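Sequence lines, in order, name chains U and R.
When we follow the numbering used here, the leftmost residue of the first sequence carries the number 117, and every step to the right adds one.
When we follow the numbering used here, the leftmost residue of the second sequence carries the number 2, and every step to the right adds one.
Hints listed in this document are in silico derivations from the structure and should not be mistaken for laboratory results.
All values derive from a computational prediction rather than experimental measurement.
Heads up, the beta-carbon is just placed ideally off N, CA and C, and yes, glycines get one too.
There is no bait here: all hints are sound.
For the chain U half of the interface with chain R, some residues (derived, Cβ under 8 angstroms), not all of them:
hint : residue
1    : ASP281
2    : SER283
3    : GLU284
4    : GLU286
5    : TYR289
6    : THR290
7    : MET291
8    : GLY292
9    : ALA293
10   : SER294
11   : LYS297
12   : VAL302
13   : PRO305
14   : ALA306
Lysine to any residue pairs mimicking SDA-like chemistry, simulated, CA-CA at most 20 angstroms apart:
hint : chain 1 : residue 1 : chain 2 : residue 2
15   : U       : LYS297    : R       : LYS104
16   : U       : LYS295    : R       : LYS104
17   : R       : LYS345    : R       : PRO264
18   : U       : LYS297    : R       : ALA50
19   : U       : LYS297    : R       : ILE110
20   : U       : LYS295    : R       : GLY76
21   : U       : LYS297    : R       : GLN73
22   : R       : LYS103    : U       : GLU286
23   : R       : LYS103    : U       : ALA296
24   : R       : LYS111    : R       : MET90
25   : R       : LYS103    : U       : PHE299
26   : U       : LYS297    : R       : HIS89
27   : R       : LYS103    : U       : GLU285
28   : R       : LYS223    : R       : LYS345
29   : R       : LYS88     : U       : MET308
30   : U       : LYS295    : R       : ASP69
31   : U       : LYS295    : R       : GLU53
32   : R       : LYS88     : U       : PHE299
33   : R       : LYS88     : U       : GLU279
34   : U       : LYS297    : R       : LYS88
35   : R       : LYS128    : U       : PRO305
36   : R       : LYS88     : U       : GLU286
37   : U       : LYS295    : R       : GLN73
38   : R       : LYS88     : U       : PRO305
39   : R       : LYS103    : U       : GLU284
40   : U       : LYS295    : R       : ARG47
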Amino acid sequence: MTNMLQSRWWSWGFRSTVMLYFVILIVLPILGIYGQSLSDGWPKFVSNLTEPLAWKAVMLTVKLALIATVINVLIGTMAGWVLIRYRFPGRQLLNSLVDLPFALPTAVVGLMIMLLLGPRSEVGQWADSLGFAILFHEPAIVIAMIFVTFPFVIRAVQPLLEEMDASEEEAAYTMGASKAKTFFRVILPAMMPGILSGAMLAFSRALAEFGAVVLVAGNIPGRTLVASVYIFGQIESDNPAGAAAVSVLLLTLSFVILWLVSYVQARRTGR
Amino acid sequence: MHVEVRGLNKKFGEFQAVKDVEFSIEKGQLIGLLGPSGGGKTSILRMLAGLETPDTGDIVFHGKRVNDLPPQERGIGFVFQNYALFKHMTVSENIAFGLEVKKWPKARIKERIAELVELTGLSGFEKRYPHQLSGGQRQRVAFARALAPEPQLLLLDEPFAAIDAKIRHELRSWLREMIDRLGITSIFVTHDQDEAIEVADQIMIINKGRLEQKGTPWEIYKDPQTPFVASFIGESTLIEDIGKLRGFADAAAMPGTKGLIRPEYVEVGKENEFTLLSATETGRVSHIHFRGSEWLVEIQIGDIKLVTYRSLEKPVLQLGDEVHVLVHRAYLFNDNDSWVTENKLKVDPLPVHI
Ligand SMILES: Nc1ncnc2c1ncn2[C@@H]1O[C@H](COP(=O)(O)OP(=O)(O)OP(=O)(O)O)[C@@H](O)[C@H]1O
Ligand SMILES: [Mg+2]
Numbered sequence: 117m118t119n120m121l122q123s124r125w126w127s128w129g130f131r132s133t134v135m136l137y138f139v140i141l142i143v144l145p146i147l148g149i150y151g152q153s154l155s156d157g158w159p160k161f162v163s164n165l166t167e168p169l170a171w172k173a174v175m176l177t178v179k180l181a182l183i184a185t186v187i188n189v190l191i192g193t194m195a196g197w198v199l200i201r202y203r204f205p206g207r208q209l210l211n212s213l214v215d216l217p218f219a220l221p222t223a224v225v226g227l228m229i230m231l232l233l234g235p236r237s238e239v240g241q242w243a244d245s246l247g248f249a250i251l252f253h254e255p256a257i258v259i260a261m262i263f264v265t266f267p268f269v270i271r272a273v274q275p276l277l278e279e280m281d282a283s284e285e286e287a288a289y290t291m292g293a294s295k296a297k298t299f300f301r302v303i304l305p306a307m308m309p310g311i312l313s314g315a316m317l318a319f320s321r322a323l324a325e326f327g328a329v330v331l332v333a334g335n336i337p338g339r340t341l342v343a344s345v346y347i348f349g350q351i352e353s354d355n356p357a358g359a360a361a362v363s364v365l366l367l368t369l370s371f372v373i374l375w376l377v378s379y380v381q382a383r384r385t386g387r
Numbered sequence: 002m003h004v005e006v007r008g009l010n011k012k013f014g015e016f017q018a019v020k021d022v023e024f025s026i027e028k029g030q031l032i033g034l035l036g037p038s039g040g041g042k043t044s045i046l047r048m049l050a051g052l053e054t055p056d057t058g059d060i061v062f063h064g065k066r067v068n069d070l071p072p073q074e075r076g077i078g079f080v081f082q083n084y085a086l087f088k089h090m091t092v093s094e095n096i097a098f099g100l101e102v103k104k105w106p107k108a109r110i111k112e113r114i115a116e117l118v119e120l121t122g123l124s125g126f127e128k129r130y131p132h133q134l135s136g137g138q139r140q141r142v143a144f145a146r147a148l149a150p151e152p153q154l155l156l157l158d159e160p161f162a163a164i165d166a167k168i169r170h171e172l173r174s175w176l177r178e179m180i181d182r183l184g185i186t187s188i189f190v191t192h193d194q195d196e197a198i199e200v201a202d203q204i205m206i207i208n209k210g211r212l213e214q215k216g217t218p219w220e221i222y223k224d225p226q227t228p229f230v231a232s233f234i235g236e237s238t239l240i241e242d243i244g245k246l247r248g249f250a251d252a253a254a255m256p257g258t259k260g261l262i263r264p265e266y267v268e269v270g271k272e273n274e275f276t277l278l279s280a281t282e283t284g285r286v287s288h289i290h291f292r293g294s295e296w297l298v299e300i301q302i303g304d305i306k307l308v309t310y311r312s313l314e315k316p317v318l319q320l321g322d323e324v325h326v327l328v329h330r331a332y333l334f335n336d337n338d339s340w341v342t343e344n345k346l347k348v349d350p351l352p353v354h355i
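Isolated chain R (complex conformation) (with noise of 0.2 angstroms):
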């Protein structure tokens, strides 16, 4: 289903829980929505469902206006955080429920139900009650339980916070396989970037009730739009003065500028292994740590702090040795604007005096 929100508002008495929130979706995706907790995530999938009335704006399914239909009349599946299972049902009774409310010949339920079972994985389980299954075993229940009735778009909040990693893993790869196979569109979401980045075809940042960006997951990483996103998404250092590093000295044209780094932006090493040595910092290792597949180091370049990883292959540095940096790019922002720059020393280097 194509899913269109426009000008989305939501107030819990003075808190504006969501504010302005526009987005389209088209039909056949898997949207995660992704943010800090408290952004307004579960308010805004809420609102989707018929669960909640948003105090302005539109929502449209399909090109109809559906904000005065109640959940009952939207056609979505809703899968909630803590699973909200029948418990008095078994594990059929559950996945019937929706199908009987719909009053479905008794038939089809029955064959809808072995499909189900069938493609969750729960062959065998039938005729348990919830409190007899596993945790990712009722996550499949209530997916199924969902999908029953054939919706036309699925949602799901936090489908996967309450399993342990391992299972987490394997479940998220599982519905995204699922969602592929069956084609329906969906919006899950979560507190993981990781889980995001993995499953998701886009991703909508949420934070403080507003939309801060929507884009697949590589440009969001790319192409960060507001610094909270640039600063939300991977791991960053923000840099006060970043007008003071080589390469960045634009930057400092214009007051206020401020810059964040991630780690993989950086790199760090010994004189002879840069052969562009007029980008590079001088700085000194302030902190080294083993992190099992690489280095963690912290570089001291005057007062500013950066962070980077050093692969396992190369020379160990030590605390205290000099170091050389590079770093190929920042993220800057002002209160104006925000955008991501190259190191220019880098790209075109100083002309060469004879």
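Pulled out of the complex, with its shape left as it was, chain U reads as follows (with noise of 0.2 angstroms):
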């Protein structure tokens, strides 16, 4: 009796520090943020967003995460299914490599990327004779974009990858399909929670990215300044309010993505 007692106030205990843990890490300062960019009246929050420059920032950031995301589905989808499905020297490395990206400090990625594709490099050069620039325009924020959120569908597609059966693909072929149905009708399905969430995670992780993107962007109001840059831009200039509620609006966009992971996970799970 004393036992169970005991055991049910150690389970309490634990449970209220970790509820309190994350109230205190993560609910309070979010209620903080919606509080703050209501501070100054609904009004006041509408016109903070529909102000052009920050409406813009969100645009361009959007439009851009997507872009970034598409490409890191193609190829994230295609490198997890080459270090899962083939052997070759050098895979090892390779596949502990794909995590780099998490690991480095965004400002160094930022800088690499400067140096890389900057006017004065090789690459620079040669876009600059095909008549268009990739550093500080578009092109610069979207590597920056793939390059950290590289990891993610190859890290959510592997594990699925790897508790596929080939006996599955074996029955397909006996049945009569050939390579490519396949592939279409049995092994992308199989993957597609996977590239789903890792597309959703890497997506809202690209609408967030601050320091590999600010160093490459140019953060030209209006033409290259994303969201994450404005809002720091709103610090700088002494607006809190328009800072909070484009805030706001990446936050709300994250969540809807995240409940779109965990739905999308518990219905694989769940099958």
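Build the complex from these two chains, which are given one at a time in their own frames, with help from the hints.
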């Protein structure tokens, strides 16, 4: 009896500690932002959001994050496939390198892109001769976003591929399905939950990226100013309500995406 | 479909998994591939299906060599040990897969699904996903899916291995009936000799990559062609110096000859239970064990130990009792040959001296 009581106390204690931690670390700050954005009342909030530069920054960020996500889905799916299905020297090394973007400081990533793709680099000159610029323009932002979100899709797809049994494919072959048909009807659907949740995480991370982007974007308001940098700028120019309004928008987007991810995963494990 | 295999060999690296396997199977037969783990059963099945390429040898379906045909074009159905159902498809989508691939018209696909669902007793489960089914139901979905495109040859790799003993029993009689009804040539792999004996028209015993023997269950039981088959089928005791046993003195004439004796070849009892005492040995009960429907008796005769069963209807033996033992027959083998021999003294009793 005492034992049970004790263990109940313990479990209660643990749960409340975790809840408290969660509330202090995550819930309160988020509520704070929602509060801050509305501190000057609704009309001000709306005008902060409809401020053309804010609006443009958000739209630009969403557009570029989408492009980065699509590219990551294609390349990440292929990379995950290659790393699981093929055996070649250097595979292990390559596999551990996948996590590098998570480990590198994002400012370092920005610097790398700057040096590699700047106007004085070979790539920069080549792009110049074709008549477009990479650095301080949209391509650089997309590249930065792709780089920092590269691991998401790969890491979400790999476990699914690993647990997939070769016999499912073989069964498809014995029923007359070609390799291509087997890929699209058997393998891809099995990878789909991983691709989707990886893509959504990559997208929300790309929306939020600051460190890598701020160095390479040029930050011209209305043209290459992304949302996170806009927030930074608003704080610098002493307009916290304006920063909070855009933050709220990003936050809400992230929440929706997180919810979608867990919905997709629940459907997967529910099966 | 008539299936013929000639000189089949397969190496994985240096390891010879299948060695010179040859057999032919008549249309409509159900063949059991039986043998110990790692013997090469799955490898043979996979080569028939085209999922593995043989190093040498011919695989002939209907008189046509199919070695170079990919699995897609061999007209086979394959049931995998783990069923390999498509997890993201419902039961009916799984069954429809092979038909859609073959571009059957929609209406015919629907008809065929209904037919197979009926046949496999899966009515009401069409809309379920594999994870919502029991092991036995999954097994039947795998079976229905393999049968849907009307294959000429059905290959089943340990179809019942993952199913508990009772349902397994039902499923195998069900499979037998099904195959009889459809008349489709089938080969199934099993570890379980009872399963093979009960279900198969013919059994092929596979050991260390070789086909040891092919025959009806009765032939294999009665007349094993190799020492391995003799020891693998049923239970048997190996007797090193079989020549010492009364009635098998001939064997002693050939050095290196050993014997295998099955429990059912041996009769044990008190002196008054035998009419032909001259053919019996005397021994001592060294172990006795109740087995539910009979006694398991171990008898020590000199340094030979024999195992047999004894009916519950007969007088009960006690540990240490002196008993008479009649060995009806033994399976003898040496390096060159192997044969079944009857107890000589039993067949022609010693001439009576007056
Ligand atoms: N792809 C492979 N690579 C290397 N060795 C293999 C491969 N497939 C099978 N083998 C080897 O070939 C031998 C025969 O394997 P196989 O799977 O045919 O045996 P089996 O009779 O089906 O055994 P079980 O009853 O355990 O399923 C085994 O020793 C196995 O290790
Ligand atoms: Mg096997």
